[in-house]
Amino acid sequence: MNDASNKVPSSASPIEGAAHYDHFFGPLFFEPYAIEVAKRIDPNAVSIALEIAAGTGRVTRHIRERIPSSAKLIASDISEEMLAEARKQLRHANIDWQKIDAQQLPFSDNGFELIVCCFGYMFVPDRPKAFAETWRVLKPGGMLLFTTWDKLEHNAMSLTAKLFAEKYLKGPLPESYNAAVSMSDEDVIRPLLEQAGFSNMTIEKVQLSSVCATAREAAAGLVDGGFIFEEIRQRNPEMIDEIRCELEKELAEKFGAAPMIAPMSAVICQAYK
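Heads up: the sequence shown begins at 1 in the working numbering, then just goes up one per residue.
Please keep in mind that the hints were generated in silico from the structure rather than gathered at the bench. Predicted model only: the values in this text are computed from it and were never measured. Using N, Cα and C, we set each Cβ at its ideal position, and we do this for glycine too. Mixed in with the good hints there might be a few duds.
What the hints assert, rightly or not - Straight-line Cα separation of at most 30 Å, DSS-like style, residue types lysine-lysine; simulated pairs:
id: 1; residue 1: 99; residue 2: 39
id: 2; residue 1: 129; residue 2: 205
id: 3; residue 1: 72; residue 2: 139
id: 4; residue 1: 162; residue 2: 139
id: 5; residue 1: 99; residue 2: 167
id: 6; residue 1: 151; residue 2: 72
id: 7; residue 1: 170; residue 2: 39
id: 8; residue 1: 170; residue 2: 139
id: 9; residue 1: 99; residue 2: 170
id: 10; residue 1: 167; residue 2: 139
Said to hold, decoys possible - Ranges between beta-carbon positions, derived for each pair:
id: 11; residue 1: 234; residue 2: 140; range: 30 to 40 Å
id: 12; residue 1: 242; residue 2: 72; range: 11 to 21 Å
id: 13; residue 1: 70; residue 2: 253; range: 42 to 52 Å
id: 14; residue 1: 236; residue 2: 68; range: 47 to 57 Å
id: 15; residue 1: 70; residue 2: 197; range: 26 to 36 Å
id: 16; residue 1: 199; residue 2: 47; range: 32 to 42 Å
id: 17; residue 1: 170; residue 2: 111; range: 47 to 57 Å
id: 18; residue 1: 96; residue 2: 257; range: 23 to 33 Å
id: 19; residue 1: 236; residue 2: 70; range: 28 to 38 Å
id: 20; residue 1: 70; residue 2: 256; range: 26 to 36 Å
id: 21; residue 1: 132; residue 2: 88; range: 46 to 56 Å
id: 22; residue 1: 194; residue 2: 96; range: 22 to 32 Å
id: 23; residue 1: 132; residue 2: 96; range: 48 to 58 Å
id: 24; residue 1: 141; residue 2: 98; range: 23 to 33 Å
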């Protein structure tokens, strides 16, 4: 599980941060669910689709490959840095990239047959407004397909990194880390969808695996790019090598040294207008 939304480390330039985010967090956390989400799309039912919180384009790639080549795909994010990386990654694909706030979709009513949002709604300040906007721009019969992270105890590597980082942090974890798992329960998700007008919904928890070539590579990615380690990188940069080494040992012990395979869990939701 990533420990922030589409936020890049402030210790790196925005583009460098987005590239690191995609290089490490993309395959480790997002690619498995991108594949899983794409399977749930009926290509015969889509002539125009919108992706919200596209990030660096991991899910976007699979949506574009899944829907017809003639179908229009608008991929959006609130972060210009993430969009820049996504455009670079998918520069030859037929995708309309737009900077968009999920709470204020700049589209007319009843315009899309499909809207996809992977690991984004948890970080939106006004969730009821975001779901209401999604409902508004969906065509009747259109589908909203989105994912959120399951509880931290069901995401073993993320839990390990959190507990490890807490030993070095002087204050509490960033609030965005708690936000990442704030929509893990159906009791939270279902009322939001019903309030917006959605019906005929499916909410399921799907367990997959985070796979990394080595525990060393995983530790480096988490420590060098993980948001929960940012304070340590800024205040005590001399400790980073030691922290990276110690985290590698802990990850290897729990999940294997090479390859490193850790269980993860997310919620996949489908709802129709």
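Q. When you take the CB atoms of residue 132 and residue 88, is the distance between them in 46 to 56 Å?
A. Hint violated: Cβ distance 33 Å, outside 46 to 56 Å.
Q.
The hint says 23 to 33 Å between residue 96 and residue 257; measuring C-beta to C-beta, is that right?
A. Violated: the Cβ-Cβ distance is about 43 Å, outside 23 to 33 Å.
Q.
Range first: 48 to 58 Å. Now tell me if the beta carbons of residue 132 and residue 96 are that far apart.
A. 23 Å, violated
(Q) Taking the Cβ atom of residue 194 and the Cβ atom of residue 96, is their distance within the range 22 to 32 Å? (A) 31 Å, holds
Q. Residue 72 and residue 139: Cα distance at most 30 Å?
A. Given pair residue 72, residue 139 holds - Cα atoms ~15 Å apart, limit 30 Å.
(Q) A range of 47 to 57 Å was offered for this pair. Does it hold for the Cβ distance of residue 170 and residue 111? (A) 48 Å, holds
Q) Is it true that the C-beta distance of residue 199 to residue 47 lies inside 32 to 42 Å, as the hint says? A) 23 Å, violated
(Q) With the threshold set at 30 Å, check whether the alpha-carbon distance from residue 129 to residue 205 stays at or below it. (A) Status holds; Cα separation ~24 Å.
**Q.** Hinted pair residue 170 and residue 139, Cα distance within 30 Å
**A.** Since the Cα atoms of residue 170 and residue 139 sit roughly 49 Å apart, the hinted pair is violated (cutoff 30 Å).
Q: Sort out whether residue 139 lies within 30 Å of residue 167, counting only the CA atoms.
A: 49 Å, violated
**Q.** Straight-line alpha-carbon gap residue 162 to residue 139, limit 30 Å
**A.** This hinted pair is violated, its Cα atoms lying about 41 Å apart.
Q | Straight-line alpha-carbon gap residue 99 to residue 39, limit 30 Å | A | With a Cα-Cα distance of about 26 Å, the restraint between residue 99 and residue 39 holds, given a limit of 30 Å.
The structure is inconsistent with the numbered hints 4, 5, 6, 7, 8, 9, 10, 11, 12, 16, 18, 19, 20, 21 and 23, although it conforms to all the rest.
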